[in-house]
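Q: Let's have the full structure, built from the sequences with the hints guiding it.
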Amino acid sequence: MNFLRGVMGGPSAGPQPSGADTIQKLCDRVASSTLLDDRRDAVRALKALSKKYRLEVGIQAMEHLVHVLQTDRSDSEIIGYALDTLYNVISNDLEEEEQEENSPKQGDDLGSQFTEIFIKQPENVTLLLTLVEEFDFHVRWPGVKLLTSLLKQQGPQVQQIILVSPMGVSRLMDLLADSREVIRNDGVLLLQQLTKSNAAIQKIVAFENAFERLLDIVTEEGNSDGGIVVEDCLLLLQNLLKNNNSNQNFFKEGSYIQRMKPWFEVGDDNCGWSAQKVTNLHLMLQLVRVLVSPTNPPGATTSCQKAMFHCGLLQQLCTILMATGVPADILTETINTVSEVIRGCQMNQDYFASVNAPSNPPRPAIVVLLMSMVNERQPFVLRCAVLYCFQCFLYKNHKGQGEIVSTLLPSTIDATGSSVSAGQLLCGGLFSTDSLSNWCAAVALAHALQENAALKEQLLRVQLATSIGNPPVSLLQQCTNILSQGSKVQTRVGLLMLLCTWLSNCSIAVTHFLHNPANVPFLTGQIAENLGEEEQLVQGLCALLLGISIYYNDNSLENYRKEKLKQLIEKRIGRENFVEKLGFISKHELYSRAAQKPQPGFSSPEHMMFDHEFTKLVKELEGVISKAIYKSSEEDKKEEEVKKTLEQHDNIVTHYKKVIREQDQELEELKQQVSTLKSQNEQLQVTVTQQVSQIQQHKDQYNLLKVQLGKDTQHHNSHGDTLQVNGIQLEEVSKLREELEDWRNRHEQLQGQLKEKDAVIENLKSLQLETGTEQSSQPSSSGGMEHSAELQKELELLRTQIQLQAAEISKLQAENQKLQAMNTAVDPAVGASGAVASRNSEKEGRLLQELGELQSEVKALSEEKVSLQQQLDSSSSTVAILQDEKSKLQQEVAEAKKEQDDLLVLLADQDQKLSALRSKLKDLGMPVEDEDDIESGDQADEDEDGDEEEQD
Numbered sequence: 000m001n002f003l004r005g006v007m008g009g010p011s012a013g014p015q016p017s018g019a020d021t022i023q024k025l026c027d028r029v030a031s032s033t034l035l036d037d038r039r040d041a042v043r044a045l046k047a048l049s050k051k052y053r054l055e056v057g058i059q060a061m062e063h064l065v066h067v068l069q070t071d072r073s074d075s076e077i078i079g080y081a082l083d084t085l086y087n088v089i090s091n092d093l094e095e096e097e098q099e100e101n102s103p104k105q106g107d108d109l110g111s112q113f114t115e116i117f118i119k120q121p122e123n124v125t126l127l128l129t130l131v132e133e134f135d136f137h138v139r140w141p142g143v144k145l146l147t148s149l150l151k152q153q154g155p156q157v158q159q160i161i162l163v164s165p166m167g168v169s170r171l172m173d174l175l176a177d178s179r180e181v182i183r184n185d186g187v188l189l190l191q192q193l194t195k196s197n198a199a200i201q202k203i204v205a206f207e208n209a210f211e212r213l214l215d216i217v218t219e220e221g222n223s224d225g226g227i228v229v230e231d232c233l234l235l236l237q238n239l240l241k242n243n244n245s246n247q248n249f250f251k252e253g254s255y256i257q258r259m260k261p262w263f264e265v266g267d268d269n270c271g272w273s274a275q276k277v278t279n280l281h282l283m284l285q286l287v288r289v290l291v292s293p294t295n296p297p298g299a300t301t302s303c304q305k306a307m308f309h310c311g312l313l314q315q316l317c318t319i320l321m322a323t324g325v326p327a328d329i330l331t332e333t334i335n336t337v338s339e340v341i342r343g344c345q346m347n348q349d350y351f352a353s354v355n356a357p358s359n360p361p362r363p364a365i366v367v368l369l370m371s372m373v374n375e376r377q378p379f380v381l382r383c384a385v386l387y388c389f390q391c392f393l394y395k396n397h398k399g400q401g402e403i404v405s406t407l408l409p410s411t412i413d414a415t416g417s418s419v420s421a422g423q424l425l426c427g428g429l430f431s432t433d434s435l436s437n438w439c440a441a442v443a444l445a446h447a448l449q450e451n452a453a454l455k456e457q458l459l460r461v462q463l464a465t466s467i468g469n470p471p472v473s474l475l476q477q478c479t480n481i482l483s484q485g486s487k488v489q490t491r492v493g494l495l496m497l498l499c500t501w502l503s504n505c506s507i508a509v510t511h512f513l514h515n516p517a518n519v520p521f522l523t524g525q526i527a528e529n530l531g532e533e534e535q536l537v538q539g540l541c542a543l544l545l546g547i548s549i550y551y552n553d554n555s556l557e558n559y560r561k562e563k564l565k566q567l568i569e570k571r572i573g574r575e576n577f578v579e580k581l582g583f584i585s586k587h588e589l590y591s592r593a594a595q596k597p598q599p600g601f602s603s604p605e606h607m608m609f610d611h612e613f614t615k616l617v618k619e620l621e622g623v624i625s626k627a628i629y630k631s632s633e634e635d636k637k638e639e640e641v642k643k644t645l646e647q648h649d650n651i652v653t654h655y656k657k658v659i660r661e662q663d664q665e666l667e668e669l670k671q672q673v674s675t676l677k678s679q680n681e682q683l684q685v686t687v688t689q690q691v692s693q694i695q696q697h698k699d700q701y702n703l704l705k706v707q708l709g710k711d712t713q714h715h716n717s718h719g720d721t722l723q724v725n726g727i728q729l730e731e732v733s734k735l736r737e738e739l740e741d742w743r744n745r746h747e748q749l750q751g752q753l754k755e756k757d758a759v760i761e762n763l764k765s766l767q768l769e770t771g772t773e774q775s776s777q778p779s780s781s782g783g784m785e786h787s788a789e790l791q792k793e794l795e796l797l798r799t800q801i802q803l804q805a806a807e808i809s810k811l812q813a814e815n816q817k818l819q820a821m822n823t824a825v826d827p828a829v830g831a832s833g834a835v836a837s838r839n840s841e842k843e844g845r846l847l848q849e850l851g852e853l854q855s856e857v858k859a860l861s862e863e864k865v866s867l868q869q870q871l872d873s874s875s876s877t878v879a880i881l882q883d884e885k886s887k888l889q890q891e892v893a894e895a896k897k898e899q900d901d902l903l904v905l906l907a908d909q910d911q912k913l914s915a916l917r918s919k920l921k922d923l924g925m926p927v928e929d930e931d932d933i934e935s936g937d938q939a940d941e942d943e944d945g946d947e948e949e950q951d
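The sequence shown begins at 0 in numbering that gives the first Met the number 0 and counts up one residue at a time.
Hints may contain errors.
[Said to hold, decoys possible] Subject to a maximum C-alpha distance of 35 Å in a straight line, what follows is the list of computed DSBU-like cross-link-like pairs (lysine-lysine):
{"id": "1", "residue 1": "Lys734", "residue 2": "Lys864"}
{"id": "2", "residue 1": "Lys618", "residue 2": "Lys241"}
{"id": "3", "residue 1": "Lys670", "residue 2": "Lys896"}
{"id": "4", "residue 1": "Lys195", "residue 2": "Lys251"}
{"id": "5", "residue 1": "Lys596", "residue 2": "Lys151"}
{"id": "6", "residue 1": "Lys618", "residue 2": "Lys561"}
{"id": "7", "residue 1": "Lys50", "residue 2": "Lys24"}
{"id": "8", "residue 1": "Lys921", "residue 2": "Lys563"}
{"id": "9", "residue 1": "Lys586", "residue 2": "Lys570"}
{"id": "10", "residue 1": "Lys734", "residue 2": "Lys705"}
{"id": "11", "residue 1": "Lys596", "residue 2": "Lys195"}
{"id": "12", "residue 1": "Lys119", "residue 2": "Lys195"}
{"id": "13", "residue 1": "Lys656", "residue 2": "Lys670"}
{"id": "14", "residue 1": "Lys195", "residue 2": "Lys50"}
{"id": "15", "residue 1": "Lys305", "residue 2": "Lys596"}
{"id": "16", "residue 1": "Lys615", "residue 2": "Lys563"}
{"id": "17", "residue 1": "Lys202", "residue 2": "Lys151"}
{"id": "18", "residue 1": "Lys677", "residue 2": "Lys657"}
{"id": "19", "residue 1": "Lys563", "residue 2": "Lys626"}
{"id": "20", "residue 1": "Lys858", "residue 2": "Lys698"}
None of these hints come from the bench; they were simulated from the model.
A: Shown next, in the form of structure tokens:
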């Protein structure tokens, strides 16, 4: 212990040993001491020296410390000292007061070198994983810190060792369940380093229930109001979800998106936004964007967008968007988040269009955002976010595009001026003095026209009042006027992008553009000049606009036909020079940046030149315009003919699709009728079974009545017994009356069903006759008529049977009336005197006989119903046969039409071959008459023959 006091600075005699000598002696004691207490004291001394003499301790003591970890596992105290010492040696987290000017760089090198030495033996990392499993705080916490430091220094190598270690990742996941917050929080930091840029580990961590545990921690810590622990959990969630489609799908399927909604429930006062809360909310918004990023697979993004709408997350974000007192950076990130949640999702876009700002009167959220975009006093990043939101709202949203353009049309503009529309804000920004507002408004308006030819034509109707007393000019004309005035480069680039988007794939807009005689000379003049590097971008866009005017030109203007424009380019510019200027666009650095992602990411307003969607248009048109410039007039004609042929072919295909659609509808109707008949048949079968059971009940009642009547015959002198028999007879008569009424109702139902089947068969007959007239040459039609005749005979037979059944029912009704009359005659006779008992007994016998007849008639009616059911089944099979024959006839019609189309194609090929042979004969000098001449000659010969016959 005297030695240790000397090391720690206690009084001692003689010269003081150097740090290296002291460390060497401590290392010898760790290696050679047999007593655990001595080794523990030596390791504790090394820990005390490890910060000041980091290099010496790392070089001399690392091997001994690792040996201690392997051999002294039973003593948690010495294990804790050893882990702390290794952490001090490997970690680069030096204290501020001990850092020199060059120490950070040296520290980074030392930490990396010591980490490489430590992990050279993979079993050292495995040993560390085993120690992290220990519950003892003095072992587990230093182990977590040391493993985190190893991952910081040599992340990929340590990740690979942990990945191949049995249950390596699962052991570390247990740290999140530790009840001690210090270990749990450091475990989150450890998992952050472990999951960086390693998809395999990210998947394992996710399937070890990491999402559930992390979201629980965020909730326990107070969501966005929590401390730095919430920030660490959100960073870990980002590591797990970013660019990992499997984990994103697992997160969505596990209904974890719904648990994100409480994060954005901020208070109404919105006061007291601490720096930590701003950081937490910023990370939460970024986490939402990770799930709906445009770089994710479209299907996964769409499903997450729908889940966010249904759980109310989008509504909560819109609430923050329209709230007051929100910090600017949170508001900007919220706008970007809402943008990607609604991008390409029609349901979310429709909801966003309905959101109103809490103003008086209420204004749509889109209008409020556009007011910020065209306001030059707003921050640049906020204006970029609003532009991105507007672009995402219009992405694949034809309905929203139409609503925006409609606010510009004369019929929908508010004449009172009480409210500002989106179209008015865009026009105001398009022609303001701020070049950034010009560019943003032009790009926003271009997105309203993206892939929507109808709206491009509608926008040509927009008229603008430039000044008092002057006639209004079109929006297209005003854009070209501003271009020719030589405004700022950013303004001209925005207007040229708008015009290129507007004119592409819209021949009518091209015609309107060329109708102004000043436009083409301005473009050719801009392209032909040799201007500075800043103007090269404008020259390239002018070349693109002129190329679009050629490629989509329908030759409706004589002075600006395709051929004349090409000749003008050849004379004024030169084809090679034109193509070179056109290539300036795609070679520009800002073009490459804009093509990377949809969100506008510009460091300064001066770099705001290209839009992401416009880069797609340039990539699509650059090649075809270059080819179109070199094409001859003959090639243009051939191309137009090919286009016409393709249009005709598309029309034919559309016609046949319509025919097939109609036939499908007819087949669906027939299938529904068949299913209806089947259901009716099943109902009838159920009815028959019910009737059989009722008949059996009646038989049982009849047998009981017969037994009772036998007893009453033996005691017919008793007046009370006679009354009881009469009561039973009256009850039986009433039951028979109800049974007759049931049979009458069922008879009416059968008649209605037969009428319905008659109508179905008549429809099938008419369809059979129509298909037979179209294909009279087919032998199947005669078979169909024979089936129809047989079906008609069966219907006649059914009608006769129904008439017979009606006659029998009327007979039963007459007998029922007789029974009622007899009952009325029996009652007063019984009350008058007991001497009439013998007469009553005779009447009872007569009633029994009539009851037996009624039962036999009921049985006969049931048998007739069974036969009617069989006949109905046969008619259903006949209907099915007719439907099969109709489908065969329709197939034959389709085959005949196909053969006719093939003949037309053969005739067209034959005509082409004949025309080719005639041209070859003409080239050889042989006299060949054209088809028109031949037809006119034949007509003249026929006329001459007709005249001669009249003279004769």
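Q: A separate judgement is required for each hint: does it hold in the structure or not?
A: Hints and how they fare:
no.: 1; hint: Lys734 <-> Lys864; in the structure: holds (20 Å)
no.: 2; hint: Lys618 <-> Lys241; in the structure: holds (29 Å)
no.: 3; hint: Lys670 <-> Lys896; in the structure: holds (25 Å)
no.: 4; hint: Lys195 <-> Lys251; in the structure: holds (21 Å)
no.: 5; hint: Lys596 <-> Lys151; in the structure: holds (30 Å)
no.: 6; hint: Lys618 <-> Lys561; in the structure: holds (22 Å)
no.: 7; hint: Lys50 <-> Lys24; in the structure: holds (18 Å)
no.: 8; hint: Lys921 <-> Lys563; in the structure: holds (31 Å)
no.: 9; hint: Lys586 <-> Lys570; in the structure: holds (26 Å)
no.: 10; hint: Lys734 <-> Lys705; in the structure: holds (16 Å)
no.: 11; hint: Lys596 <-> Lys195; in the structure: holds (23 Å)
no.: 12; hint: Lys119 <-> Lys195; in the structure: holds (21 Å)
no.: 13; hint: Lys656 <-> Lys670; in the structure: holds (21 Å)
no.: 14; hint: Lys195 <-> Lys50; in the structure: holds (28 Å)
no.: 15; hint: Lys305 <-> Lys596; in the structure: holds (22 Å)
no.: 16; hint: Lys615 <-> Lys563; in the structure: holds (29 Å)
no.: 17; hint: Lys202 <-> Lys151; in the structure: holds (20 Å)
no.: 18; hint: Lys677 <-> Lys657; in the structure: holds (30 Å)
no.: 19; hint: Lys563 <-> Lys626; in the structure: holds (16 Å)
no.: 20; hint: Lys858 <-> Lys698; in the structure: holds (11 Å)
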